[in-house]
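Trainee: The residues making up each chain are set out below.
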Amino acid sequence: MDYSPILISIRTAAASMLVTFFLGIACARLVAGLRSPRWKMILDGILTLPLVLPPTVMGFFLLYLLGVKRPLGRFFLDYFGVKIAFSWGATVIAAVVIAFPLMYRAARGAFEQVDENLIFAARTLGISERKIFWKIMMPLALPGVAAGGILAFARGLGEFGATAMIAGNIAGKTRTLPLAVYSAVAAGDMESAYQYVVVIVAVSFVVVVGMNWLAMREQKGKRR
Amino acid sequence: MSLEVSIKKKLGSFSLEVDFSTDSGTMGILGASGCGKSMTLKCIAGIETPDEGRILMNHRVLYDSKAKKNLPPQQRQIGYLFQNYALFPHMTVAENIACGQRTKGESILPLLEKLQLEGLENRYPAQLSGGQQQRVALARMLASQPQALLLDEPFSALDAYLKEQLQLELLTLLEEWGKDTLLVTHSREEAYRLCQRLLILEQGRPLAMGETAKIFQNPVRIQAARLTGCRNFSRLQRMEDGTLQAVDWANLKIFPPASPPDWATHVGVRSHSFQATPISQGICFPVQPLQRLESPFEEILVFASGESGEVLWWEVPKKDFQGVPEFLWVDPRELLFLRE
Numbered sequence: 426m427d428y429s430p431i432l433i434s435i436r437t438a439a440a441s442m443l444v445t446f447f448l449g450i451a452c453a454r455l456v457a458g459l460r461s462p463r464w465k466m467i468l469d470g471i472l473t474l475p476l477v478l479p480p481t482v483m484g485f486f487l488l489y490l491l492g493v494k495r496p497l498g499r500f501f502l503d504y505f506g507v508k509i510a511f512s513w514g515a516t517v518i519a520a521v522v523i524a525f526p527l528m529y530r531a532a533r534g535a536f537e538q539v540d541e542n543l544i545f546a547a548r549t550l551g552i553s554e555r556k557i558f559w560k561i562m563m564p565l566a567l568p569g570v571a572a573g574g575i576l577a578f579a580r581g582l583g584e585f586g587a588t589a590m591i592a593g594n595i596a597g598k599t600r601t602l603p604l605a606v607y608s609a610v611a612a613g614d615m616e617s618a619y620q621y622v623v624v625i626v627a628v629s630f631v632v633v634v635g636m637n638w639l640a641m642r643e644q645k646g647k648r649r
Numbered sequence: 002m003s004l005e006v007s008i009k010k011k012l013g014s015f016s017l018e019v020d021f022s023t024d025s026g027t028m029g030i031l032g033a034s035g036c037g038k039s040m041t042l043k044c045i046a047g048i049e050t051p052d053e054g055r056i057l058m059n060h061r062v063l064y065d066s067k068a069k070k071n072l073p074p075q076q077r078q079i080g081y082l083f084q085n086y087a088l089f090p091h092m093t094v095a096e097n098i099a100c101g102q103r104t105k106g107e108s109i110l111p112l113l114e115k116l117q118l119e120g121l122e123n124r125y126p127a128q129l130s131g132g133q134q135q136r137v138a139l140a141r142m143l144a145s146q147p148q149a150l151l152l153d154e155p156f157s158a159l160d161a162y163l164k165e166q167l168q169l170e171l172l173t174l175l176e177e178w179g180k181d182t183l184l185v186t187h188s189r190e191e192a193y194r195l196c197q198r199l200l201i202l203e204q205g206r207p208l209a210m211g212e213t214a215k216i217f218q219n220p221v222r223i224q225a226a227r228l229t230g231c232r233n234f235s236r237l238q239r240m241e242d243g244t245l246q247a248v249d250w251a252n253l254k255i256f257p258p259a260s261p262p263d264w265a266t267h268v269g270v271r272s273h274s275f276q277a278t279p280i281s282q283g284i285c286f287p288v289q290p291l292q293r294l295e296s297p298f299e300e301i302l303v304f305a306s307g308e309s310g311e312v313l314w315w316e317v318p319k320k321d322f323q324g325v326p327e328f329l330w331v332d333p334r335e336l337l338f339l340r341e
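Going down the list, the sequences are from chains A and B. Numbering follows this note's numbering, with no gaps: position 150 of the first sequence is 575. Numbering follows this note's numbering, with no gaps: position 249 of the second sequence is 250.
So that you can see chain B by itself, here it is in the shape it has in the complex (with noise of 0.2 Å):
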């Protein structure tokens, strides 16, 4: 099971150039909006044609612009989730699913089922919560009998309360129908909880490709680290004695202690990395707050490293928080080294 996605398509003001294939399991794209992920699903499905390059599926051609072939989107057998979950609103949950089937007349109880959706067959999707009508529209497609799924943001029309019990229904479904399966997003948890594997876009063009953990762990470009979260940033300056600093974290010392790679031209921290200690020792940073954010569980704190220095963020669970602290010292092995 897989799909192999090679394509150019010229986006307004930046051309989207995705190279890539899948291979069993959840693959994620992640990127800002218009970054061209949702393009790329729709390229896929036979929504939006590419303008040149080659969609296969198990070696099946869906598209090739050099042999000239474009199988229309139902041709495709590939699902795909909308945003809006796209229902016919002039159809009951049961018309609905039965409008998808591919084997007509077969009976839509099994899916009601595994989908639980009994009971609601007769209500029209007006008439339904958000995540009753991802639901149908899970069902719907899973009735068409797709050998992949595509998902557009599936989960960005719903309340936080239940983004996250969906999250837990769809990663079940997902494990038990084992195909392969594409999701689109702008929210690194929901990448980093339901795909094993990752492609970051920026502009249209891939920044990252790789496995969920280890893109998160090693970004490797500025960029990628910002969507997966990573706030603070510095560039580093070699010394004449051949020490590296960080210029922007008013000339902290990187090298040593830290031994970062050679191409590394920047250095990040994650907000989560800090530590409060009353002592200067090692990567530490001084801190002059500036600003604090409060939420339920968490404390953020802004502060200025130095004189000169560009912000940082530092975030840290409310029962871990005794105060604002003299310094915050980071482990040198969780230093993001980075290019651009």
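Bound conformation, chain A alone (with noise of 0.2 Å):
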């Protein structure tokens, strides 16, 4: 068995989970501060879109703006010879777009659920906006941002369709799991699409229980 797939799938996933960490929590961030409940609605459309659009539209929209003939892959390309469409940095941005939804959801619900009254009250004992930020919103909305961590990282882990788009399926360098099924399944090699699909359940069933067991320490704290 060729075991680059596993190693290109857990770095791809671990990260696009660090950059759609810091990602959502800024969007969900900004959102939840948005006055304006139309503005709201539509940043929120926008965001949440790539959870319910096909992996493949959204691979062809990443195709679309990074293509080596398009205008920003072009840039890349002659200002930095940086060459992103079928590289493994593809594979890493494929799979942000794809989980980013899911951890800006679960960070906006996060932080919506924090009582308002305690960011008033933070407020008006002087506390600065970036030390509620950090002393008081993160904290207590912490379970349910490492909630959409967690779920990032195993949408990551299984992300196809914009991955096979904008990476393609290059052995050894972007071909992730997934990737590897398919391409096993498609050279009639049932033995290792067998072996890599073992992998790909176990690791994804491991972080699921671990993001439960997080949640079910959590309510023990609750009732301290």
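Take the hints with a grain of salt, since some may be wrong.
As the list claims (entries may be wrong) - Pairs of lysine-lysine residues, derived as BS3-like cross-links and limited to a Cα-Cα distance of at most 25 Å, are as follows:
1) K69/B x K11/B
2) K43/B x K465/A
3) K10/B x K556/A
4) K465/A x K598/A
5) K560/A x K10/B
6) K180/B x K164/B
7) K43/B x K556/A
8) K465/A x K10/B
9) K560/A x K105/B
Stated by the list, open to error - If you want a taste of the chain A side facing chain B, the calculated C-beta under 8 Å gives, among others:
10) N542
11) F545
12) R548
13) G551
Hints listed in this document are in silico derivations from the structure and should not be mistaken for laboratory results. Bear in mind the structure is a predicted one, so any value in this text is a computation, not a measurement. By construction, the Cβ of each residue, glycine as well, lies at the ideal position given by its N, Cα and C atoms.
Combine the two chains into a complex, taking the hints into account.
Mentor: Structure below.
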């Protein structure tokens, strides 16, 4: 069995989780803080879109933006000498785009569940907005935010459609576990496909159970 | 030390329009839920923004719609005690109090001592009783060195038993502290016990403002009388012979003997003002009992005033209750003369 898809997948999922985590928190904070309900609705719609669109459509958009002959792709190639499409980086970009809504929605839900009176109280006590976010909002929203991060990791691990479009299926370079399963089955190599499936199911299961364990511990903490 | 507030804000179906100032001591805002009293506090604290108007504290402008000035809550130095106390659940008592400190690093021991919180420093809010939570919230607020205090229904989350104990404690604390306090409540007892001055709000508009005792004595407006606990009302009608009758109390003659002011359109009697009597004399109601409510120390009798009359409420301490009397008499001086 070729182990490279496992390594590539783990690296991709980890890198994309890192990016998604902070991007998701930033966007959640932005949207949760918006005053106009209309803008909130519209922005939320745009940020959630990758969750409901077929991943191939998101891949199509990415290709459209970052393809070598497209303006943005050409810009990176000409000025930084970086070819984004069909590189390992592209697998990360695809996973970030697809997993982002999970992180963003989890974080937003967690922030909005923090009793707003706590925020108001903190303001009247003279605590700065920055400190309110890090000392009050974040610790109270952490379980939800962490759950979002874990979900984002699992989703990044399973990303197929957008990855295939923008990163391709280059063995040892952009072939992640889901793509390896697809390629193995296409080549009639059921033995390898079976092994990859076992790995991906095992990792995903551990991650989801880990998340539940976190949630359970949090519940117990509340009954202190 | 004073707050000057003059603001307007649209609130759903009505608009809040208040205009008042405080001068030392505690001022109460009394009103039913949703009358705009909490919103008034939030506007003063800077949590909400009024549509227009001005808010000044000790002549410092906190908000002025004309000058486009709106200080953030952080710079207003106004303490706000929330109904549910809004303690930070992930911080200990000590951390909660330190969080509010304006001068960082100062010892919180004097505050702990003052509010009888010694020994609880390392507890989390969820491990405290309601009364202790309130004291922590007060300590946290005082640590931020506010120039005025806003208390939003401070006792609504507490058991009846604790309530009175804490009212006494708060009264002492506020007297010692000696700065302006604004207390919002829907309880007339709280308003009467804790506030020297009172503003009564209904649907965002002030109904009455002034010394608490005077407002309870002479509420002037029917709605204000109702909020101060008066239950029995009747319209007044001037008859051809110059007398005044209470239309809803089976045309009971009010003038003479009482002499209501010219503007009075209604008359009210507090349910505690009635006195039992066997003979009809002066302002007297024949009693036809309808229902009886018994509490541990009080007897409440609901009765009809004559054939077509409205229902009236009589409340009497149990020890003074000797069965249903034939008549109930009211001292004319205890009648409330009101208008709408």
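Trainee: It remains to establish, for every hint, whether it holds in the given structure.
Mentor: Evaluation of the provided hints:
no.	hint	verdict
1	K69/B x K11/B	holds (18 Å)
2	K43/B x K465/A	holds (24 Å)
3	K10/B x K556/A	violated (30 Å)
4	K465/A x K598/A	violated (39 Å)
5	K560/A x K10/B	violated (32 Å)
6	K180/B x K164/B	holds (23 Å)
7	K43/B x K556/A	holds (21 Å)
8	K465/A x K10/B	holds (23 Å)
9	K560/A x K105/B	holds (16 Å)
10	N542	holds (4 Å)
11	F545	holds (5 Å)
12	R548	holds (4 Å)
13	G551	holds (5 Å)
The structure does not agree with the numbered hints 3, 4 and 5 stated previously, though it agrees with the rest.
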